[in-house]
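All chains, please: the whole structure from these sequences, using the hints.
As a plain string of letters, each chain reads:
There are 4 protein chains.
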Amino acid sequence: MAEDLQEFLTGLDAEIRAMGDWGAVADYIPELGRVAPDQFGIAVALPDGRVLTAGKAAQPFSIQSVSKVFALACVLGRIGEQLWLRVGREPSGDRFDSILLLEQEKGRPRNPFINAGALVVTDELLTGRTPRQALSEVLSFVRAAAEDDDIHIDKAVARSEAENGHRNTALAHYLRSFGNLNNPPEHTTGTYFHQCAIEMSCIQLARAGRSIAGLPNAPQMLSPRKARRINALMLTCGQYDGSGNFAFRVGLPAKSGVGGGLLIIAPGRASIAIWSPGLDGWGNSKMGTLAAEKLAEFTGWSVFG
Amino acid sequence: MAEDLQEFLTGLDAEIRAMGDWGAVADYIPELGRVAPDQFGIAVALPDGRVLTAGKAAQPFSIQSVSKVFALACVLGRIGEQLWLRVGREPSGDRFDSILLLEQEKGRPRNPFINAGALVVTDELLTGRTPRQALSEVLSFVRAAAEDDDIHIDKAVARSEAENGHRNTALAHYLRSFGNLNNPPEHTTGTYFHQCAIEMSCIQLARAGRSIAGLPNAPQMLSPRKARRINALMLTCGQYDGSGNFAFRVGLPAKSGVGGGLLIIAPGRASIAIWSPGLDGWGNSKMGTLAAEKLAEFTGWSVFG
Amino acid sequence: MAEDLQEFLTGLDAEIRAMGDWGAVADYIPELGRVAPDQFGIAVALPDGRVLTAGKAAQPFSIQSVSKVFALACVLGRIGEQLWLRVGREPSGDRFDSILLLEQEKGRPRNPFINAGALVVTDELLTGRTPRQALSEVLSFVRAAAEDDDIHIDKAVARSEAENGHRNTALAHYLRSFGNLNNPPEHTTGTYFHQCAIEMSCIQLARAGRSIAGLPNAPQMLSPRKARRINALMLTCGQYDGSGNFAFRVGLPAKSGVGGGLLIIAPGRASIAIWSPGLDGWGNSKMGTLAAEKLAEFTGWSVFG
Amino acid sequence: MAEDLQEFLTGLDAEIRAMGDWGAVADYIPELGRVAPDQFGIAVALPDGRVLTAGKAAQPFSIQSVSKVFALACVLGRIGEQLWLRVGREPSGDRFDSILLLEQEKGRPRNPFINAGALVVTDELLTGRTPRQALSEVLSFVRAAAEDDDIHIDKAVARSEAENGHRNTALAHYLRSFGNLNNPPEHTTGTYFHQCAIEMSCIQLARAGRSIAGLPNAPQMLSPRKARRINALMLTCGQYDGSGNFAFRVGLPAKSGVGGGLLIIAPGRASIAIWSPGLDGWGNSKMGTLAAEKLAEFTGWSVFG
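Protein chains in written order, with the numbering used here: chain A, 23 to 327; chain B, 23 to 327; chain C, 23 to 327; chain D, 23 to 327.
Worth double-checking, as some hints may not be accurate.
Because identical chains share one entry, a pair is satisfied inside a single copy or across any pair of copies.
Below, a list of computed lysine to any residue pairs in the SDA-like style, where the Cα atoms sit at most 20 angstroms apart [as the list claims (entries may be wrong)]:
id, residue 1, residue 2
1, LYS248, GLU319
2, LYS248, GLU127
3, LYS248, LEU107
4, LYS316, GLY42
5, LYS248, ALA318
6, LYS177, GLU315
7, LYS128, TRP304
8, LYS248, GLU159
9, LYS248, LYS316
10, LYS78, GLU221
11, LYS78, ALA58
12, LYS248, PRO82
13, LYS128, GLY150
14, LYS78, GLN61
15, LYS128, ASN267
Simulated from the structure, these hints should not be mistaken for lab results.
Given below as structure tokens:
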């Protein structure tokens, strides 16, 4: 089986590269805008501990919103269900950075994976901690989950986000105006921008997802119940307003990032990371989504039977 | 295992009846408003063909929006992917009968489980058929899936919906104004009101869901791929704006109806029907949702590992 | 003064015809779609009883939404302030046929000049009357206001609206679902479609507006207080989502119709009718709006000093 | 006439004080929250130069959003029509501090009197100027318009706004994210908060409004055309989502502030200032609005004839 899968992945890499329909990279900060769109990597962590790869699986990239999954895991580990007093668990039906629903719902973001909700999660991480400590907690979690200490934050990306992230800053102040931000907005956004600037390769990211996938040899970072719930949120809310479509086509929980990364969970079977920096209209990796669909079709992995 | 589960179901019935916190029945038509809210039934169809039950599992009720699953299955069987040109696959983030998103999305309903989308599905069913034929197709599908011919439409309910369903009539005309309704609005709504007025018991409904759950002894009504996709839609969109919450708490695809019915799918493991006519604020069965959560916890059934 | 104004109007007609930038006619029904867009007429009724004209001022056209002013005048004359329990008095910030705000405001239209609000006005007209009687009341009002019995309803237009007016039918059913429509939806829409199909020339329309303008020689159809209030509504809501812009540029209360008609009130000074069937992006007469601006500039007529 | 009006004003003051239905003061900053709601003052500046008064007409209060009129006048004087590339002229149909429409309209505020639009106006004032200079320009304009140098900024109010104005800060960052804010957000909000903290009495405010009313003895601050246009904007947008209602009931252009102030313009006839700090549900002065309606009824002043 693993041999077939390796063969499939190698073929997939060739196929994707041959298509040449990459989408456009995010360009709201120069650091992301400079990345060439025509790149592809994939890594699949299996229950036996092996990590199969193809393409640029060892190339580090900015994980951006994929970090929201790890920040959420940290916060759920610390305060548990109380988080849901501050943030909802429903798909947003809107763009990742929309401020619309925030007004309609009186400052309680729809879910922890849109930007407003992720800011609340980061704000919760800051309770009783400095930004440096909170950031260190997320980074330690990711390193421990991946069993790899060579994971770092790209400070230039973080700085650039801080300079250009007017919409996230607006969201933070807006949350504050509803009393749903406990820390000074610039602390919360500063921590958030750094968390998003974590750099990982597909190999590292696939390994970091093993505990969410409940793979037997993964480090124990999460109770099975918490893992299930994170998977539920990833499935219903992980691809912004493309979540329903992704669930329909791929059938697996996943979280995308604007850097072109994609963490996909096949519970009990695999933790998958894909990277291709060109994006589709929803802000999700264009070739990454296609590759995910082909992988799911090949393996038959689907949470839906 | 089946013995433990039977014991659990019997206990669950007693527990629910002891709670007495039933919610309120839908009262927009007198036929639904007359039903006593303090009722509960459950049926679990297993891979070995057995159907375990507790409470009023043999009592027929109006399946209402649960019928949307069967109408969708019929249409997907007939025209397949073309349906998605007329209706989306994203959670709506709004009420089941909202007209808001319909305007924003220029007449293409967000998904086939909100009323606007279900009207489009029914409208598609009417292609080349009379209302009577289309209705007969849905009813035949349900009977064949349940392997039970004693399933009927409550004409009084259908008539009452037609008299009071001004919002659905508005939705139909609105779809028509965008060119996304092919039949005379009154044909589409008439067929839709009758389809919603199908009466089934929990036992019948659980049996009818077996093919969606992919149970080995189920009649072959759907390809595995179609079943998976229907499950994906049920998980992301099946409980209206409570879908994310249901996925989080229960972790299984499900579809609710305003008559208090709930069809829940544990792919490969079980098809479950619950009925309790009192509703929560989202229009989903209040005790039904609670029972689903307890059942998922007891069995460990979850698509998320 | 009247000589200067006549000279200006004659020049304006020539100027408009020379521009040739007419916009597009409404084409949702063939009767309107067949009208040539490159036409222009204007009539100005003065306090001394004279009606100055230029261009095709004697050519009858479909007044469409301009009829909402007269229907409102009839209803205010009959039930007065009670109307405001059913409809608001605020600009809508949206398209003339939007259903959005209707949902947000629970079935109470924002104002009597968007379609939903006009349907409520017509519905109120039907209280205790048949559609034929209600229609006759509006037509009699218009004829008396214009002191001209040669004003008729174009039945072909009304029929065509009824066949194509799916959105208005949707609005009527939607209002009904909120309990804000007292008559069978098809009675209300039928009456409304006929009222919109009244045909008038600029001369007739300018004369019909004299009582709203409070001109000394006008037939007494309205108390000064009611006239002022209708003017207030025309100014804030008369041009749909272009009302603020019109108030800014022209400074006079006005009501537009999709047939290219425009009734403009200079309180105490003049009642003006302009017709040019090509429309701008808001659904208001393109050359009509420009002509109104030039007329206001020439005369100095503005309610704002 | 002036004697009758003085008598009416004196009686109005007594009547309002006897009613005792004051509404609640704004309490989002302590400086405003400490003001007693049961206060009333009125001043009417007439064409002959007299200013009639009643109640606490000499008591200074925080003019808050009334300042938006003067900032707009400054900017129109400087850049004229170019402003409309950055801000619209349509009623918003929403709350004064709504961020909703800002997203729908891609960062172009609906009009210069909602907070987002006023921030753009202030941002424009800052072009080529320091915050101190821009502020000085607005203050000089107000002093010159009122012919009274004893008008000052309450620094404690400005500071308090800066500390609590999270929503305005959010709006500024949000505008910036759309490229519709040219200055550092904290410069624009800082200037805006100070401008809103100008303190004036009814007498001073009525005098400052004379040039907008086009009174013969007013200092020439604005061309008649600009004055007319500011009046148009005040009428359609000056009372937020209560503008239509105010136009209907009072029939005069006006601008309200959350400090309970109200500047009302009767073009060519009077400039009126009313102050009563208790607010209604739209954030407009409750007794101030009632007093305006009674005054309009008594005098017959209405732009609508």
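Evaluation of the provided hints:
1. LYS248 - GLU319: between (27 angstroms within a copy, 13 angstroms between copies)
2. LYS248 - GLU127: So LYS248 and GLU127 fail the 20 angstroms test inside a copy (26 angstroms) and across (35 angstroms) alike.
3. LYS248 - LEU107: Answer is within; shortest intra-copy Cα gap is 17 angstroms, inter-copy 37 angstroms.
4. LYS316 - GLY42: Within one copy only: 16 angstroms inside, 49 angstroms across.
5. LYS248 - ALA318: between (24 angstroms within a copy, 15 angstroms between copies)
6. LYS177 - GLU315: Answer is neither; intra-copy 33 angstroms and inter-copy 44 angstroms both fail.
7. LYS128 - TRP304: between (25 angstroms within a copy, 17 angstroms between copies)
8. LYS248 - GLU159: within (18 angstroms within a copy, 43 angstroms between copies)
9. LYS248 - LYS316: between (28 angstroms within a copy, 16 angstroms between copies)
10. LYS78 - GLU221: The answer is within: 14 angstroms in one copy meets 20 angstroms, while 56 angstroms across copies does not.
11. LYS78 - ALA58: The answer is within: 13 angstroms in one copy meets 20 angstroms, while 62 angstroms across copies does not.
12. LYS248 - PRO82: neither (28 angstroms within a copy, 37 angstroms between copies)
13. LYS128 - GLY150: neither (26 angstroms within a copy, 38 angstroms between copies)
14. LYS78 - GLN61: Within. Shortest intra-copy distance 7 angstroms satisfies the 20 angstroms Cα cut-off; inter-copy 58 angstroms does not.
15. LYS128 - ASN267: between (28 angstroms within a copy, 19 angstroms between copies)
Comparing the model with each earlier hint shows violations of hints 2, 6, 12, 13; every other hint is respected.
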